[in-house]
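Protein chains: 2
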Amino acid sequence: MTTGKPYVIGIDMGGTNTVFGIVDARGVVIASNSIKTRKHNKIEDYIDELYNETMRLVESADAKDKIYGIGVGAPNANYFTGVIEDGVNLPWPTPIPFAQMLSDKFGIPVAITNDANAAAIGEMTYGVARGLKDFIMITLGTGVGSGIVINGQVVYGHDGFAGELGHVIVKRNNGRLCGCGRTGCLETYCSATGVARTAREYLEITDTPSLLREIPISEITSKDVYDAAMKGDKLAKEVFNYTGTILGEALADFTVFSAPEAFVLFGGLAKAGDLLLKPIKEALEKNMLSIWKGKVKVLLSELKEADAAVLGASALGWEAKPLTEAQA
Amino acid sequence: MTTGKPYVIGIDMGGTNTVFGIVDARGVVIASNSIKTRKHNKIEDYIDELYNETMRLVESADAKDKIYGIGVGAPNANYFTGVIEDGVNLPWPTPIPFAQMLSDKFGIPVAITNDANAAAIGEMTYGVARGLKDFIMITLGTGVGSGIVINGQVVYGHDGFAGELGHVIVKRNNGRLCGCGRTGCLETYCSATGVARTAREYLEITDTPSLLREIPISEITSKDVYDAAMKGDKLAKEVFNYTGTILGEALADFTVFSAPEAFVLFGGLAKAGDLLLKPIKEALEKNMLSIWKGKVKVLLSELKEADAAVLGASALGWEAKPLTEAQA
Numbered sequence: 019m020t021t022g023k024p025y026v027i028g029i030d031m032g033g034t035n036t037v038f039g040i041v042d043a044r045g046v047v048i049a050s051n052s053i054k055t056r057k058h059n060k061i062e063d064y065i066d067e068l069y070n071e072t073m074r075l076v077e078s079a080d081a082k083d084k085i086y087g088i089g090v091g092a093p094n095a096n097y098f099t100g101v102i103e104d105g106v107n108l109p110w111p112t113p114i115p116f117a118q119m120l121s122d123k124f125g126i127p128v129a130i131t132n133d134a135n136a137a138a139i140g141e142m143t144y145g146v147a148r149g150l151k152d153f154i155m156i157t158l159g160t161g162v163g164s165g166i167v168i169n170g171q172v173v174y175g176h177d178g179f180a181g182e183l184g185h186v187i188v189k190r191n192n193g194r195l196c197g198c199g200r201t202g203c204l205e206t207y208c209s210a211t212g213v214a215r216t217a218r219e220y221l222e223i224t225d226t227p228s229l230l231r232e233i234p235i236s237e238i239t240s241k242d243v244y245d246a247a248m249k250g251d252k253l254a255k256e257v258f259n260y261t262g263t264i265l266g267e268a269l270a271d272f273t274v275f276s277a278p279e280a281f282v283l284f285g286g287l288a289k290a291g292d293l294l295l296k297p298i299k300e301a302l303e304k305n306m307l308s309i310w311k312g313k314v315k316v317l318l319s320e321l322k323e324a325d326a327a328v329l330g331a332s333a334l335g336w337e338a339k340p341l342t343e344a345q346a
Numbered sequence: 019m020t021t022g023k024p025y026v027i028g029i030d031m032g033g034t035n036t037v038f039g040i041v042d043a044r045g046v047v048i049a050s051n052s053i054k055t056r057k058h059n060k061i062e063d064y065i066d067e068l069y070n071e072t073m074r075l076v077e078s079a080d081a082k083d084k085i086y087g088i089g090v091g092a093p094n095a096n097y098f099t100g101v102i103e104d105g106v107n108l109p110w111p112t113p114i115p116f117a118q119m120l121s122d123k124f125g126i127p128v129a130i131t132n133d134a135n136a137a138a139i140g141e142m143t144y145g146v147a148r149g150l151k152d153f154i155m156i157t158l159g160t161g162v163g164s165g166i167v168i169n170g171q172v173v174y175g176h177d178g179f180a181g182e183l184g185h186v187i188v189k190r191n192n193g194r195l196c197g198c199g200r201t202g203c204l205e206t207y208c209s210a211t212g213v214a215r216t217a218r219e220y221l222e223i224t225d226t227p228s229l230l231r232e233i234p235i236s237e238i239t240s241k242d243v244y245d246a247a248m249k250g251d252k253l254a255k256e257v258f259n260y261t262g263t264i265l266g267e268a269l270a271d272f273t274v275f276s277a278p279e280a281f282v283l284f285g286g287l288a289k290a291g292d293l294l295l296k297p298i299k300e301a302l303e304k305n306m307l308s309i310w311k312g313k314v315k316v317l318l319s320e321l322k323e324a325d326a327a328v329l330g331a332s333a334l335g336w337e338a339k340p341l342t343e344a345q346a
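Chains as they are written, first to last, in our numbering: chain A, 19 to 346; chain B, 19 to 346.
Isolated chain A (complex conformation) (with noise of 0.2 Å):
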């Protein structure tokens, strides 16, 4: 970092937008944009986009020959390759070797990971993780990602892929079929997706009265649960007590295994605060193994949803270095 190029660009490619923004050293966004993800069938299309869009940015904040590097945040994006290896959600056949096409086009270092993790960092580096060197950041939007934090460095694993706790298994047998083609996953249950999932289940096999039923049942979404909730529905509280209770359960045994300080909730499931908040606290401490009851904080998220993603995939800017050969 004694280039003296002062900032870094941030890349956080969603299933739907991709954000971009200007960082600089402290965490400042000194400028940001976004185009839709979807709508350039061929990658090199999308990247030509991007990097017209994003050098308007820099030029119009002055910041031309002043980047250091640029971070991106995507889906099952390698942190030691480089690719995105599988992507569900997105458009373009995969694997796309995307952190060499990207420096090839911008002639900068890029440093690539998957949103959670991305995430993970903006927290630790800008948000309510800062000091904290053992975290676990759990990821409540579509699905449940999470981006494990151990004495300040993000777990990766042997093949980069590590830190996919959505898919632990939560319900070994009858559990709801997941995305991934297995049955059982925490995030078919724990999810945006998993809370409406629920909402149907309950409306269907109980006759409890509920402000849901005047909402077609195939449109019901986590968003309309809340609302609910929040207006004293019944039924769209136990939606929510059961949810907490399935992820706080999930986290007492994921305390076993790194022994986190604390566990930062972030998406857009986090936003329903308390009505989450309690019952995973509940379950948590409830099954937690008796070394850690009373020891592991729930957090929620200080970043905005879209900043924290910016800014952590901009954190990971400052890392990135020219790919070798044997990357590439």
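Check the hints yourself; a few may be wrong.
Note that identical chains are pooled: a pair holds if it fits in a single copy or bridges any two copies.
Keeping only pairs whose Cα atoms sit at most 30 Å apart, straight-line, the calculated DSSO-like set for lysine-lysine is [unchecked claim]:
(1) Lys313 to Lys339
(2) Lys84 to Lys339
(3) Lys322 to Lys23
(4) Lys84 to Lys311
(5) Lys189 to Lys123
In case anyone wonders, no lab produced these hints; they're calculated from the structure.
Bear in mind the structure is a predicted one, so any value in this text is a computation, not a measurement.
Fit chain B to the supplied structure of chain A, relying on the hints for placement.
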């Protein structure tokens, strides 16, 4: 390690025996011996005997003033504080500031960790995990312990107690009562004790003929089940299938956490070999998230049981530093 002192002492404190040895820098145990852990009602008397017997060994090996440090593997030993915090299987009140007490007695630096972490270090330094930077040691003894290695480093967590994988809940409801006070822990099924419990259950709830019916039911051990299985006993083989399946399912879940290159099985039950390995590998592959199918090895420890613990503990001896006031 430029002190010119060529040896370390490794001490493995088990619930029954305490084994200790003098080890050189290449991992050769040049002398070893053992004492009974439970012989003394006072920890001070135990340390006196341990000191006397160790020094006798040191003198006979002409190693006086040549010991760099002492490494200890002990139940619930905290690497950070040097304290044995909760010794369920030990005869003395806890917490015990063991590293400090031993360091005071011997006059050389002492480092301690739990027995499973010590075994992992031993395996990484001298055994089948040489060259692996990401692996998980699973110790299958009276209980189930684990030592998690990520990027070449043992995971201690924020408080020094990480890696209690024997206490992941594998049966959420109606699970077996565990020594930890909870129910459904992995170690109630997949330890030597768990195998004996499963055999007793099978004998009680089925009429399947079995060699094990010749043994008083309360006296059946995992060794008996192994012997019967090796003679082709159907019920005994089913017990190993059940045990291995539960362990394989759990290992698939552990994989999503740290993406290890291998699991290394260690301890009495690991000697069952293919009886256990086959169902483990089948369940692991069947339950594995697709990105890791066929990629994670299950290996058996290559070290003799006593040696592994002493060697692992001794390797920690090279890291031993005088305890600070804060830790004491």
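Tested hints:
no. : hint             : in the structure
1   : Lys313 to Lys339 : between (38 Å within a copy, 28 Å between copies)
2   : Lys84 to Lys339  : within (16 Å within a copy, 45 Å between copies)
3   : Lys322 to Lys23  : within (26 Å within a copy, 55 Å between copies)
4   : Lys84 to Lys311  : neither (49 Å within a copy, 43 Å between copies)
5   : Lys189 to Lys123 : neither (45 Å within a copy, 51 Å between copies)
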